[in-house]
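A.B. asks: On the provided structure of chain A, position chains B, C and D as indicated by the hints.
4 protein chains.
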Amino acid sequence: PDMQASRDTRRLPIDKVGVKGIRHPIVVKDRNRGAQNTVADINMTVNLPHHFKGTHMSRFLEVLADHDDAISVENLPDLLTKVQERLSAHEAHIEMTFPYFMRKEAPVSKQAGLMDYQARFVASKKGDEFLMTLGVDVAVTSLCPCSKEISQYGAHNQRSLVSLNIQSNAFVWIEELIELVEANASCELYAILKRPDEKYVTERAYENPRFVEDMVRDLAEKLDADARITWFSVASENFESIHNHSAYAFIEGGEAR
Amino acid sequence: PDMQASRDTRRLPIDKVGVKGIRHPIVVKDRNRGAQNTVADINMTVNLPHHFKGTHMSRFLEVLADHDDAISVENLPDLLTKVQERLSAHEAHIEMTFPYFMRKEAPVSKQAGLMDYQARFVASKKGDEFLMTLGVDVAVTSLCPCSKEISQYGAHNQRSLVSLNIQSNAFVWIEELIELVEANASCELYAILKRPDEKYVTERAYENPRFVEDMVRDLAEKLDADARITWFSVASENFESIHNHSAYAFIEGGEAR
Amino acid sequence: PDMQASRDTRRLPIDKVGVKGIRHPIVVKDRNRGAQNTVADINMTVNLPHHFKGTHMSRFLEVLADHDDAISVENLPDLLTKVQERLSAHEAHIEMTFPYFMRKEAPVSKQAGLMDYQARFVASKKGDEFLMTLGVDVAVTSLCPCSKEISQYGAHNQRSLVSLNIQSNAFVWIEELIELVEANASCELYAILKRPDEKYVTERAYENPRFVEDMVRDLAEKLDADARITWFSVASENFESIHNHSAYAFIEGGEAR
Amino acid sequence: PDMQASRDTRRLPIDKVGVKGIRHPIVVKDRNRGAQNTVADINMTVNLPHHFKGTHMSRFLEVLADHDDAISVENLPDLLTKVQERLSAHEAHIEMTFPYFMRKEAPVSKQAGLMDYQARFVASKKGDEFLMTLGVDVAVTSLCPCSKEISQYGAHNQRSLVSLNIQSNAFVWIEELIELVEANASCELYAILKRPDEKYVTERAYENPRFVEDMVRDLAEKLDADARITWFSVASENFESIHNHSAYAFIEGGEAR
Numbered sequence: 001p002d003m004q005a006s007r008d009t010r011r012l013p014i015d016k017v018g019v020k021g022i023r024h025p026i027v028v029k030d031r032n033r034g035a036q037n038t039v040a041d042i043n044m045t046v047n048l049p050h051h052f053k054g055t056h057m058s059r060f061l062e063v064l065a066d067h068d069d070a071i072s073v074e075n076l077p078d079l080l081t082k083v084q085e086r087l088s089a090h091e092a093h094i095e096m097t098f099p100y101f102m103r104k105e106a107p108v109s110k111q112a113g114l115m116d117y118q119a120r121f122v123a124s125k126k127g128d129e130f131l132m133t134l135g136v137d138v139a140v141t142s143l144c145p146c147s148k149e150i151s152q153y154g155a156h157n158q159r160s161l162v163s164l165n166i167q168s169n170a171f172v173w174i175e176e177l178i179e180l181v182e183a184n185a186s187c188e189l190y191a192i193l194k195r196p197d198e199k200y201v202t203e204r205a206y207e208n209p210r211f212v213e214d215m216v217r218d219l220a221e222k223l224d225a226d227a228r229i230t231w232f233s234v235a236s237e238n239f240e241s242i243h244n245h246s247a248y249a250f251i252e253g254g255e256a257r
Numbered sequence: 001p002d003m004q005a006s007r008d009t010r011r012l013p014i015d016k017v018g019v020k021g022i023r024h025p026i027v028v029k030d031r032n033r034g035a036q037n038t039v040a041d042i043n044m045t046v047n048l049p050h051h052f053k054g055t056h057m058s059r060f061l062e063v064l065a066d067h068d069d070a071i072s073v074e075n076l077p078d079l080l081t082k083v084q085e086r087l088s089a090h091e092a093h094i095e096m097t098f099p100y101f102m103r104k105e106a107p108v109s110k111q112a113g114l115m116d117y118q119a120r121f122v123a124s125k126k127g128d129e130f131l132m133t134l135g136v137d138v139a140v141t142s143l144c145p146c147s148k149e150i151s152q153y154g155a156h157n158q159r160s161l162v163s164l165n166i167q168s169n170a171f172v173w174i175e176e177l178i179e180l181v182e183a184n185a186s187c188e189l190y191a192i193l194k195r196p197d198e199k200y201v202t203e204r205a206y207e208n209p210r211f212v213e214d215m216v217r218d219l220a221e222k223l224d225a226d227a228r229i230t231w232f233s234v235a236s237e238n239f240e241s242i243h244n245h246s247a248y249a250f251i252e253g254g255e256a257r
Numbered sequence: 001p002d003m004q005a006s007r008d009t010r011r012l013p014i015d016k017v018g019v020k021g022i023r024h025p026i027v028v029k030d031r032n033r034g035a036q037n038t039v040a041d042i043n044m045t046v047n048l049p050h051h052f053k054g055t056h057m058s059r060f061l062e063v064l065a066d067h068d069d070a071i072s073v074e075n076l077p078d079l080l081t082k083v084q085e086r087l088s089a090h091e092a093h094i095e096m097t098f099p100y101f102m103r104k105e106a107p108v109s110k111q112a113g114l115m116d117y118q119a120r121f122v123a124s125k126k127g128d129e130f131l132m133t134l135g136v137d138v139a140v141t142s143l144c145p146c147s148k149e150i151s152q153y154g155a156h157n158q159r160s161l162v163s164l165n166i167q168s169n170a171f172v173w174i175e176e177l178i179e180l181v182e183a184n185a186s187c188e189l190y191a192i193l194k195r196p197d198e199k200y201v202t203e204r205a206y207e208n209p210r211f212v213e214d215m216v217r218d219l220a221e222k223l224d225a226d227a228r229i230t231w232f233s234v235a236s237e238n239f240e241s242i243h244n245h246s247a248y249a250f251i252e253g254g255e256a257r
Numbered sequence: 001p002d003m004q005a006s007r008d009t010r011r012l013p014i015d016k017v018g019v020k021g022i023r024h025p026i027v028v029k030d031r032n033r034g035a036q037n038t039v040a041d042i043n044m045t046v047n048l049p050h051h052f053k054g055t056h057m058s059r060f061l062e063v064l065a066d067h068d069d070a071i072s073v074e075n076l077p078d079l080l081t082k083v084q085e086r087l088s089a090h091e092a093h094i095e096m097t098f099p100y101f102m103r104k105e106a107p108v109s110k111q112a113g114l115m116d117y118q119a120r121f122v123a124s125k126k127g128d129e130f131l132m133t134l135g136v137d138v139a140v141t142s143l144c145p146c147s148k149e150i151s152q153y154g155a156h157n158q159r160s161l162v163s164l165n166i167q168s169n170a171f172v173w174i175e176e177l178i179e180l181v182e183a184n185a186s187c188e189l190y191a192i193l194k195r196p197d198e199k200y201v202t203e204r205a206y207e208n209p210r211f212v213e214d215m216v217r218d219l220a221e222k223l224d225a226d227a228r229i230t231w232f233s234v235a236s237e238n239f240e241s242i243h244n245h246s247a248y249a250f251i252e253g254g255e256a257r
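Protein chains in written order, with our numbering: chain A, 1 to 257; chain B, 1 to 257; chain C, 1 to 257; chain D, 1 to 257.
Chain A on its own, in the form it takes in the complex (with noise of 0.2 Å):
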């Protein structure tokens, strides 16, 4: 007997069902390198009309084996297309979220590390209509400018994460958003830094110093001015060198779908 198919007669839509922490191997569309292998974790859920009484949660694992070695933002739609038919549902959602690096020299001896980010794709497909949030975390120094302004030397300062989340009328890389981040900190963060290097980062940073606030406000600006980006959320939390608690500011822009 299929009970999943059975009638339900509580008269009551289920919003969202599915299967969450998959842990899976992927494959990410890289600017430079073509491609990156990474790890990802996976949810995947439809809805489910009220005459329902389960959805046949193994179809989602067949669906996401069937895609093994080659998830990127240009087969989402395929693979949401495929759980849409599998399991004869209406919408299809999938988050995925996976650490992705980035090749960086550092700033003055040139020497070569891997940075780590984690980003994400979040998307959706009601119908026809597809839809994908696109979001990184980048960890940045942010250097405190009312620290720098009273004080006679120094100035506090710290890891802050930034993330960020867009959605886009046009194809935007996960490499563009880490950049735009990292250009709007106190200081970008290196793997390898030698001593040149990090007299650099600790005079740029000092130079540099940005409030949370700030930190928000212009890369919402940039966010703003960029015309393939429809709607965007930019939160930073500074993980204050000072306090045991962190700094936190947000701003949202545009029109989330």
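There may be inaccurate statements among the hints.
Treat identical chains as interchangeable: a pair holds within one or across any two.
[What the hints assert, rightly or not] Here are the simulated lysine-lysine pairs, DSSO-like style, with alpha carbons at most 30 Å apart:
#1 LYS104 - LYS199
#2 LYS53 - LYS29
#3 LYS222 - LYS29
#4 LYS194 - LYS104
#5 LYS29 - LYS104
#6 LYS222 - LYS53
#7 LYS126 - LYS104
#8 LYS29 - LYS199
#9 LYS82 - LYS222
#10 LYS110 - LYS126
#11 LYS199 - LYS126
#12 LYS110 - LYS222
#13 LYS126 - LYS29
#14 LYS82 - LYS194
To be clear, the hints were calculated from the coordinates, so they are not data collected in a lab.
C.D. replies: Just chains B, C and D now, with coordinates in the frame of chain A:
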């Protein structure tokens, strides 16, 4: 110089700015014992008009220090009013997440033990308008109807985490939400179970198989029927004993303000 | 049938068996206020001789329920004796980790706020012999001597987490360990800092640069010189503001029993 | 000035100093497919003699960058030798933790899917002596013998996480350890289970009840009997479906070097 109060020229208001990740002891109103001591993770934010450069982060902590040993649903409006005043803000927000405990007797032996839950207050004040969402995460047993139906003996079961959030037009106890979730699971959990209790919970779960879809639908039905509740969301995550991922379902009802 | 008490024939004793991940409110002895309420994560285990098939898990919870509102360093031996008796075990172990709070005044404005720490008791009783390790995790500011030395202005600094564990032949307050760590950092952290306080902590950190190596060495030196302390370990993890990884150092001293 | 190389006068050697929390893509040797791509969390440390003030943190990252796409059990000794050389250290340590995947067929339908595990290499080189510990965390189903015995129908079961660590005098595949754990559980987990598979795993678990004590004892027995394995530890944490805490057992065997 008060840099935070200086003019900003980017003409960008900030939706939320404040402090995040504060850990603080609190006293929460308890239906049976009057009050209980626990420890909260707290975020506090305000909106920032476009012409101010920054907010005054230390003032959030000052307001919190003033309210030290008496944080409850009743005085959250007061606390947010003080945040509005001290930070000259139109909108003030607070999120508090904390472990919450209920003494429960085992079903047969009647031995008492403490069960732990996670609860949260998410409250905002915009001008004079106060809005609060109350939430609980309740762990329960779920037993799979399909597995029971198709198998000669046994049925896979597992721990599930049900997350319930509500907005209401009248007072609702944390304990009411917990009891509602526990009554609609295959079986509820206990801290202490003696042999006859273990027999009871094993058989009770087997007699009450529930899909993840059933768990959220039954709760949505009950919440819909409660005249006090104006909005709700209910999610269940089943940590499947036969997979290394979760089954998940989500329903939202009413109109979120 | 008491299956747990039945004979096992594999001739394999079990080092530790018990319960893990219990969340429970506790009251901890406080140097200034007599006692403080907090919430602990608790693991409790015993050894199991080779001829027993299983242990009786519910009895751990019963012992815990009996000691409900009075867990302290003083009554941990009693608690473990009860575990030994109720579970007929030669060895009993408990691990408790909990947030711990100290009221601290800001350095200049003297405004008081609560600082949060993580503390732990790791205690064992083997026959009549009781042994306890006391631990604290203390967040502080570290400022890099090399960055200060080579840069024209500024110096990178960050939040660091110092983890200290000790065994002693006499009573040691949690507060003593916290104060020891804070006194040996570039600067200590505060919940509330007004403008003159922020100037103070910025300048103090700049005047006290410390490598991660310095932090653990200075603490090891002090712990070595304290006649009460028979064993210690000290680690520091610096969440570098210029990298997306940590600097780390670890020293162990004395003889662990 | 090379501050790190300057003399320290506290006469305190440091046991371990280095870098922590590095996220890096790696390629691991795979029994079936030759190699698999994954992402590791990495810690690297050396000992520091008492007369040196500090270590050179960037050199760890340089060694890692050199070994980029070829980290395996085979070249860990080389990697550690380079760390010893570049940092002029007698002792070098590395810890790598990473998701690891195996393609598995469902037991009846034979549908293939990827199962995810957590694996780790913990390796040291002291002078010329190399030592490695290999570890895996494997999620499985456990079904309670007592619950089955005392109940008219059903038996509580749940996901358990078995953590196995070994030292050996000959090569051991990650896959061997995973298969050993899976063969000794009530039932193993699968990514994809169709209806006949679900019947199979439900009945199989019911036919193979195991206490947490049984799981670690049966594994200890097998590891004891394997002549290659010179030391092991095995732990199981059962996320009880009837409690909000875990049952836990731990056995260590052989002599850790």
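A.B. asks: I want to check one pair: LYS126 and LYS104. Are their C-alpha atoms no more than 30 Å apart within a copy, between two copies, both, or neither?
C.D. replies: neither (39 Å within a copy, 33 Å between copies)
A.B. asks: Is it within, between, both or neither when you check LYS53 against LYS29 at 30 Å Cα-Cα?
C.D. replies: neither (38 Å within a copy, 39 Å between copies)
A.B. asks: Within a copy, between copies, both or neither: where do LYS194 and LYS104 come within 30 Å Cα-Cα?
C.D. replies: This pair counts as within: shortest intra-copy Cα distance 14 Å, inter-copy 39 Å.
A.B. asks: Checking an output row: LYS29 and LYS104, CA cutoff 30 Å. Within, between, both or neither?
C.D. replies: Close inside one copy (18 Å) and across copies (27 Å); limit 30 Å.
A.B. asks: At 30 Å max between alpha carbons, let me know whether LYS82 reaches LYS194 within a copy, between copies, both or neither.
C.D. replies: between (50 Å within a copy, 18 Å between copies)
A.B. asks: Up to 30 Å between alpha-carbons, please classify LYS29 paired with LYS199: within, between, both or neither.
C.D. replies: neither (35 Å within a copy, 40 Å between copies)
A.B. asks: Have a look at LYS199 and LYS126 and pick one of within, between, both or neither, based on CA distance no larger than 30 Å.
C.D. replies: neither (52 Å within a copy, 34 Å between copies)
A.B. asks: Checking an output row: LYS222 and LYS53, CA cutoff 30 Å. Within, between, both or neither?
C.D. replies: Only across copies: LYS222 and LYS53 sit 18 Å apart there, 47 Å inside one copy, limit 30 Å.
A.B. asks: Within, between, both or neither: how does the pair LYS104, LYS199 come out at a Cα-Cα threshold of 30 Å?
C.D. replies: within (18 Å within a copy, 35 Å between copies)
A.B. asks: For LYS126 vs LYS29, is the C-alpha pair at or below 30 Å within one copy, between two copies, both, or neither?
C.D. replies: within (25 Å within a copy, 42 Å between copies)
A.B. asks: At most 30 Å between alpha carbons: which applies to LYS110 and LYS126, within, between, both or neither?
C.D. replies: neither (47 Å within a copy, 32 Å between copies)
A.B. asks: Given identical chains, is LYS110 near LYS222, meaning Cα to Cα at most 30 Å, within a copy, between copies, both, or neither?
C.D. replies: within (28 Å within a copy, 42 Å between copies)
Going down the numbered hints, you'll see the structure goes against 2, 7, 8, 9, 10, 11, while the others check out.
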